[in-house]
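Position chain B relative to chain A; hints supplied.
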Amino acid sequence: MDQIKSIIDGFIDFEGQRLAETLTTAILVLAGTLAFIVGYVLSDLKYTVYIGLSGTVIAFLAVVPPWGIYKRNPLTYLPAGGVQVQMVDGDGDGGKEKDEGKKVK
Amino acid sequence: MHSTLVRIQNVFGFFTTVAFFVAGLVALSSLLYPANVSVDVIKANGVKIVKGRAHQYYTSKVQEYAVLNFDLEADLSSLFNWNTKQVFAYVSATYPGSKYANNEAVIWDAILPSRSASKLILKNERAKYSINDITGKFAGRDNVTLSFHWNVQPHVGRLTWGVVGLTEGVKFPEVERAGKKAAAK
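Residue numbers (this note's numbering), protein chains in the order written: chain A, 239 to 343; chain B, 90 to 274.
Pulled out of the complex, with its shape left as it was, chain A reads as follows (with noise of 0.2 Å):
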């Protein structure tokens, strides 16, 4: 059930955020040009409109799953608790800090 809902989810990390956002600006625009450079050369619509939609295809099948290369920098986060921020007192007792933190949460 969780891996259905992962799928449907498809949440990726930052890093692939952004590299979604750039594929989807620069296939689009491409798309078009193309789409309208064919056709105005071979005077037809039709390759435009053809070409325009494929190119609308590519980037919602690049774009959309939530593919390997979208979740190669994952974010790892800090243990739960806030260990760390406890620690910089520094008064060498991490151990009970760790355990009010766990009951805390």
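Hints listed in this document are in silico derivations from the structure and should not be mistaken for laboratory results. Note that the structure is a prediction, hence the values are computed from the model and not measured. A portion of the hints provided could be inaccurate.
Claimed, not checked - Straight-line C-alpha distance at most 30 Å; calculated DSSO-like pairs for lysine-lysine:
no., chain 1, residue 1, chain 2, residue 2
1, A, 284, B, 208
2, B, 208, B, 260
3, B, 226, B, 260
4, A, 284, B, 174
Claimed, not checked - What follows is a list of derived Cβ distance ranges for each label pair:
no., chain 1, residue 1, chain 2, residue 2, range
5, B, 120, A, 267, 15 to 25 Å
6, B, 120, A, 287, 12 to 22 Å
7, A, 300, B, 117, 27 to 37 Å
Ideal placement from N, C-alpha and C gives every residue a C-beta, glycine not left out.
Just chain B now, kept in the frame of chain A:
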């Protein structure tokens, strides 16, 4: 762009933007093809006036109908470019009057769907539509002129109109068939 749904929305949203701009460019590109319609011949060959009753429920009055024959040679191929869906071509007759000074009526039209249909050569073509005047009579009008109009319907962009060719005036003759008395009156 963190989840599938947001990515779908973003890709589709940007697609509509790109589609809008491409369509705008296509519409603008029509300006690169100036219309250069040549009408070599446009001539009214003869006008026939017949008496008739309108096939319309609101009036049963007998009135005069003018049926024209005309020659037309026109080349509309310059109107066909990648953004042309079809061209509507029509011939209209213009004639003066005393009560109503300016009268214009379409007597023939055609839809030209492609470049291969863009050369019109009509010899003594009979008007598709007969004209009846608002007063019901054509007496005293002696200067019928024909003009050729075209209307480009593009795939994207605005409609454009143009008019070429005015023939020299032709006279409306007397009524040909039955009812000569009425016409003389």
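Now the hints, each set against the structure:
1. About 24 Å separates the Cα atoms of residue 284/A and residue 208/B, which keeps this hinted pair within 30 Å; it holds.
2. Proximity of residue 208/B to residue 260/B is assessed by CA-CA distance (about 29 Å); at most 30 Å being required, the pair is judged to hold.
3. About 14 Å separates the Cα atoms of residue 226/B and residue 260/B, which keeps this hinted pair within 30 Å; it holds.
4. Taking the CA atoms of residue 284/A and residue 174/B, the gap is about 12 Å. The hint holds against a cut of 30 Å.
5. Distance hint check for residue 120/B and residue 267/A: the Cβ-Cβ separation is about 23 Å, which falls inside the suggested range of 15 to 25 Å.
6. Roughly 21 Å separates the CB atoms of residue 120/B and residue 287/A, a value that falls within the hinted 12 to 22 Å.
7. At about 30 Å, the beta-carbon gap between residue 300/A and residue 117/B stays in the expected band of 27 to 37 Å.
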